[in-house]
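Knowing the structure of chain W, use the given hints to seat chain L on it.
Residues per chain are reported as follows:
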Amino acid sequence: MSEKPVVLSLDKATIQFGGLIAVNSVTFDLYKGDLFGLIGPNGAGKTTCFNLITGVYKPTSGSIKFNGKEVGGLAPAKIAEMGICRTFQNIRLFPALSVLENVVVGAYLRHKTSVYGAYTYLPPAINETESLKKDAMDLLEVMDLADMAGSRSADLPYGKQRRLEIARAMATKPDLILLDEPAAGMNPQEKEDLQATVRRIRDEFGKTVLLIEHDMRFVMGLCERIVVLDHGEEIAQGSPEAIRSDPKVIEAYLGEAV
Amino acid sequence: MKFWGVRGVSILAGLGFAFGLETMVSAGLPNIYRLVVLAGLFITLAVSLNLINGITGQFSIGHAAFYMVGAYSAGFVSNQFYAQQSLGPQLWLVVMMVFGAFMAGISGFVVGLPSLRLRGDYLAIVTLGFGEILRIVVQNIAPLGGAYGMNVKPFGSPPKAIWIVWTLAMVCIAVCRNLLRTAHGLPFLAVREDEVASSAMGVNVPKTKVTSFVIGSAFAGAAGALFALYDTFISPDTFKMDVSFIILTMVVLGGTGSITGSVLAAVALFAIPEWLRTLQDPVTKVAIQIPGPSLVATMLAVIVAVALVKLIQDRFYGDKGKKLGLYVGAVGAGVAVQFLLAALLKGVPQLAKLSFEAAALRMVIFSATLIILMLLRPQGILAHHEFSWAWVSKLFGRRPSEANA
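Protein chains in written order, with the numbering used here: chain W, 1 to 258; chain L, 259 to 663.
The set of hints was computed from the structure by calculation and includes no laboratory data. We put the beta carbon where it would ideally sit given N, CA and C, even for glycine. Treat the hints with care, since some could be wrong.
Claimed, not checked - Heads up, simulated EDC-like pairs for lysine to aspartate or glutamate below, C-alpha to C-alpha not over 20 Å straight-line:
id	chain 1	residue 1	chain 2	residue 2
1	L	465	W	81
2	W	78	L	453
3	W	58	L	453
4	L	260	W	128
5	W	191	W	141
6	L	411	L	489
Stated by the list, open to error - Across the chosen pairs, the derived CB separations fall in these ranges:
id	chain 1	residue 1	chain 2	residue 2	range
7	L	568	W	70	55 to 63 Å
8	W	115	L	406	40 to 48 Å
9	L	499	W	116	33 to 41 Å
10	L	395	W	5	55 to 63 Å
As the list claims (entries may be wrong) - Covered stretches of chain L, going by a simulated chain W footprint (3 or more residues, C-beta under 8 Å):
id	stretch
11	430-444
12	453-459
Pulled out of the complex, with its shape left as it was, chain W reads as follows (with noise of 0.2 Å):
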């Protein structure tokens, strides 16, 4: 269908909680460049599908291969590394931290000095913080946070947390972003920006975007493919023009409204 190099492939990924088959042999492919939705109904397995994809739950069966690697139960730490990196549902910032000090927690992924040196405040990791620091002060710019560098991170507002944690992913330098709701409680205005700031991350940064998301106009105007799961089971794929009048996705998600 393209022949961009495909980043993500997932292969009958399938995960069962006891009797409950949250995510049911789902396939899917996500090409370099890729701005890509996952949506469905509330407890379709969505998120389940991201903890699959980032290591908090190892698939029971089915294979998940980034950049043609397996990735499938591995730590999260690991895929993070390898340039998976991800946003939460109910955001997840390190509170009592200050808004820098989250993204460089991110950027530190891809730090190079010894932590000896950090221990005996030795020049090495000086220099290294002062960099990480710059670097995680140019990604405060680009989400438009930079003004807020010095406050505590759990006493910015919602919309403007939700930018932090893309910051804070964006800092690990990853080829594959999540985001899980990234539109979850903004305003209309705040989902507009938002829409600009995650092309801004596919066009400008190349990164490849995965996202769940429940407004429909956020994401049929935002994503180029769409994947929809129903009860853990891939119900339809394809272009949002083609989801938008899927009878089987009318019938399960969307209504008949839309």
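Relative to the frame of chain W, chain L by itself:
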């Protein structure tokens, strides 16, 4: 280079402070010498526990166990090998300190492992259990002296210990502070804040937790080794659970996560009971007696004053000057209540007959102080703040840029 210049000066200043303290205190009473040594050890213990508890957020309440591992391993090895070595007492002290730190670091690694799977209360129970198990095991090992304790052979006169104890304390503070000043410290804080999010950001959570346990316990072990060699007698009773709790109290009271707070609280919590112990009438050298009525009146007055201050804190959001006035008023009200009640209660014959020795009340005063502090400032003395010159100048209302220049 400017960096190394500043570096050299601060190291020299640290060493100078340690040796200065040594010479100053040696001139005084031996009793005071011992207290200064112990204070330095408790600073090390509190700051190292702060690394585990406050900075990495692993609720460990068995810190005395690492202290004990250091003390016993250094004491035992020193007994075996001191005669054969030719390093001299001071150097031997350093070698034993490193050895104690090493052994305690290993045990810290072992305790750190359950922390990979446990959180919060459950981890607390495991660390507490580990401490008790270790103590009871030592109590039943005959070569270590069992319940009678172990005499660590003194080498000549009691070794000069203040300089090395305080150097250890300063190294411990420096390591923690340095870690937090670089980006390398952030993963530790991130693990405390949210483990799931940190692992999603690529933080190696198990490694971070175990590292903090190993470093924290190694410092405690070094402190233990110095204690064993300085005090020349150690027994399992020295390392009971309540020592762990005192150290934990120092960390919490100082403000969880604040190194400066841990240091201040360690000194305060160590000094207050010691100072109360020595309360005597300066003229007659007899322990001060407190009559029953004043004691009861004081207790009630303290409750009144604390309640008032708490009320002001919770309800009143005025400017600072007004608030300070209200505090003074609340304390004044407490004093007034004390005088009034003391006069009234003198009329109660059963109470008037009683009198208490001030020194005997020291644990009461100690715990009352703790309760009051936790009521009025639950985030700890310094909360999450750290000492820095910029902070000091801000405290006095100047802009930090001026101070840095």
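Checked hints:
1. 465/L x 81/W: Status holds; Cα separation ~15 Å.
2. 78/W x 453/L: holds, 15 Å
3. 58/W x 453/L: The given pair, whose Cα atoms are some 18 Å apart, holds under the 20 Å limit.
4. 260/L x 128/W: Answer holds: residue 260/L to residue 128/W is near 18 Å, not above 20 Å.
5. 191/W x 141/W: holds, 18 Å
6. 411/L x 489/L: holds, 10 Å
7. 568/L x 70/W: 55 to 63 Å: Roughly 59 Å apart at Cβ, these two residues keep to the hinted range, so it holds.
8. 115/W x 406/L: 40 to 48 Å: Cβ of residue 115/W to Cβ of residue 406/L: about 43 Å, so the range 40 to 48 Å holds.
9. 499/L x 116/W: 33 to 41 Å: holds, 34 Å
10. 395/L x 5/W: 55 to 63 Å: At 59 Å between Cβs, range holds.
11. 430-444: Coverage by chain W holds here, the residue count being 10 at a Cβ distance below 8 Å.
12. 453-459: Holds, because 6 residues of the stretch 453-459 of chain L bring their Cβ atoms closer than 8 Å to Cβ atoms of chain W.
Of the numbered hints stated above, none is contradicted by the structure.
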